[in-house]
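Asker: Here's the letter readout for the chains.
Number of protein chains: 2
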Amino acid sequence: MINYPIKRKTQEKTTNYANLGMTLESDIEASNAYYLSHEIAVIHKKPTPIQVVNVSYPARNKAKITEAYYKTPSTTDFNGIFDGLYIDFDAKETNSKTSMPLKNVHPHQIDHLRGVFKQGGIAFLIVHFKPYNQYFLLPVSILLNYWDLQDHEEKGRKSIPYQTFVDQAFLIPFGYQPRLDYLKIVKANLNSLLNIRHSTK
Amino acid sequence: MINYPIKRKTQEKTTNYANLGMTLESDIEASNAYYLSHEIAVIHKKPTPIQVVNVSYPARNKAKITEAYYKTPSTTDFNGIFDGLYIDFDAKETNSKTSMPLKNVHPHQIDHLRGVFKQGGIAFLIVHFKPYNQYFLLPVSILLNYWDLQDHEEKGRKSIPYQTFVDQAFLIPFGYQPRLDYLKIVKANLNSLLNIRHSTK
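Protein chains in written order, with the working numbering: chain A, 1 to 201; chain B, 1 to 201.
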């Protein structure tokens, strides 16, 4: 086995921009970095919650965690502020050509998005349909419609059809800077995204 | 050495409500839980960011982190939404009777709070002066005044005087439910907390 770590690192750096669309999360984080540096918005990914069990101190002022476990997040991954608007969303990917399974969304994420919507925030999912390489901004109101049907009806759908995305969600164009300009979509569709109680006051 | 872990756990649970005011962070988290359950606001503490280096899989579906390190947070600890308003803050404690040292606040937290303020969010610190057992809500505008003087003047103060808190910040009463009703203070002082550019549009 041959190792040439320096060359590999260089390659990673130079091919960075060629690998656009590598992962949905990194595309969103790159977009957020663009928004932040251009003072368009302040939106961050929350750290992954980790339960720390044991910590050792091999050197002074340097805590080393030696036993820890991933915890289930109680909220969504992304939130922040855009021109006075509270923004809150999660990112989902699916390999399906026909629908996004609702099991991709955790019940606590639904509760959280519902609460944000009630408080007058902009809540949504960014959904990547990998077979089409399409990115949709799905307003929480549509998500909740499907979720609540699933909960209350025996025969409720367990997924949101791709055609619903085409008809009712908003396509996010993939670009260079920012890669996923989802805030442009938010701005252009505020009436569809805001809770009526809040948008009319 | 004697260990009786079961008894200890029980004790912790039953004395939970007697230990009001034990730590600032837990008081804020208890207040946030109250706001959430009463549908007043959706505000959470962000998880502590941790850099995971090694993970082992002793059992299927159970990842055990065996080496990890604490990272410096790039934002504040708390954010969320309250009646359409984006809320963002950090909590600080001081044993000083005369001032809050500015070294308690990290430069990246200042950058973050400044960015939030520019976007029309409500940004502040909750500062606990332990010798007086007083809790203040310090608007970011006052914090930035002191911070920027410190940056640009050789003789700029390295702290914010206690008297400034008394005169210009807002005292948060300590109660039972919620323990620290900081949103009541936010609501009553919106004009002092909002960026003028945003509050007048």
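If you are wondering where the hints come from, they were derived from the structure by calculation, not from laboratory data. Worth double-checking, as some hints may not be accurate.
Identical chains share a label here; the pair holds if one copy fits it or two copies do between them.
[Claimed, not checked] Below, computed lysine-lysine pairings styled on BS3-like, alpha-carbon distance capped at 25 Å: (1) K46 / K158; (2) K64 / K187; (3) K62 / K103; (4) K92 / K62; (5) K45 / K71; (6) K45 / K97; (7) K158 / K187; (8) K118 / K130; (9) K46 / K92; (10) K97 / K118; (11) K118 / K103; (12) K184 / K62; (13) K64 / K184; (14) K64 / K118; (15) K97 / K62; (16) K46 / K71; (17) K97 / K64; (18) K130 / K103; (19) K97 / K187; (20) K103 / K184.
Asker: If a hint holds in the structure, say so; if it doesn't, say that too.
Answerer: Verification of the supplied hints:
Neither within a single protomer nor between protomers do K46 and K158 lie at most 25 Å apart by alpha-carbon distance, with minima of 28 Å and 31 Å respectively. Within a single copy, K64 and K187 get their C-alpha atoms no closer than 44 Å, and across copies no closer than 42 Å, so neither meets the 25 Å cut-off. For the identical chains of this complex, K62 and K103 are inter-copy neighbours only, at 20 Å across copies versus 40 Å inside a copy, given an alpha-carbon limit of 25 Å. Taking the closest pair of Cα atoms, K92 and K62 come within 25 Å of each other only across two copies (22 Å); inside a single copy the shortest separation is 36 Å, beyond that limit.
Both within a single protomer and between protomers do K45 and K71 lie at most 25 Å apart by alpha-carbon distance, with minima of 16 Å and 14 Å respectively. Proximity of K45 and K97 under a CA criterion of 25 Å is satisfied in neither setting, with 28 Å inside one chain copy and 37 Å between copies. Proximity of K158 and K187 under a CA criterion of 25 Å is satisfied in neither setting, with 30 Å inside one chain copy and 41 Å between copies. In the homo-oligomer, the alpha carbons of K118 and K130 never lie at most 25 Å apart, since the shortest distance is 31 Å inside one protomer and 36 Å across protomers.
In this homomeric assembly, K46 and K92 come within 25 Å of each other (Cα to Cα) both inside a single copy, at 16 Å, and across copies, at 21 Å. In this assembly of identical chains, K97 and K118 lie within 25 Å of each other by CA distance neither inside one copy nor across copies; the values are 32 Å within and 42 Å between. Taking the shortest Cα distances, K118 and K103 sit within 25 Å of each other inside one copy (23 Å), while across copies they are farther apart (38 Å). For the identical chains of this complex, K184 and K62 are neighbours neither inside a copy (43 Å) nor across copies (40 Å), given an alpha-carbon limit of 25 Å.
Taking the closest pair of Cα atoms, K64 and K184 never come within 25 Å of each other, the shortest separation being 42 Å inside a single copy and 40 Å across copies. For the homomeric pair K64 and K118, neither the shortest alpha-carbon distance inside one copy (41 Å) nor that between copies (37 Å) is at most 25 Å. In this assembly of identical chains, K97 and K62 lie within 25 Å of each other by CA distance neither inside one copy nor across copies; the values are 48 Å within and 31 Å between. Proximity of K46 to K71 under the C-alpha cut-off of 25 Å is found in both arrangements, the shortest distances being 13 Å within a copy and 13 Å between copies.
When the C-alpha separation of K97 and K64 is checked against a cutoff of 25 Å, the pair qualifies neither within a copy, at 44 Å, nor between copies, at 34 Å. Taking identical chains as interchangeable, the C-alpha atoms of K130 and K103 lie at most 25 Å apart only when both belong to the same chain, with a minimum of 17 Å there against 47 Å between chains. With identical chains, the CA atoms of K97 and K187 are never at most 25 Å apart, being 28 Å at best within one copy and 47 Å at best between copies. In the homo-oligomer, the alpha carbons of K103 and K184 never lie at most 25 Å apart, since the shortest distance is 28 Å inside one protomer and 38 Å across protomers.
Of the numbered hints given earlier, the model fails hints 1, 2, 6, 7, 8, 10, 12, 13, 14, 15, 17, 19, 20; all others are met.
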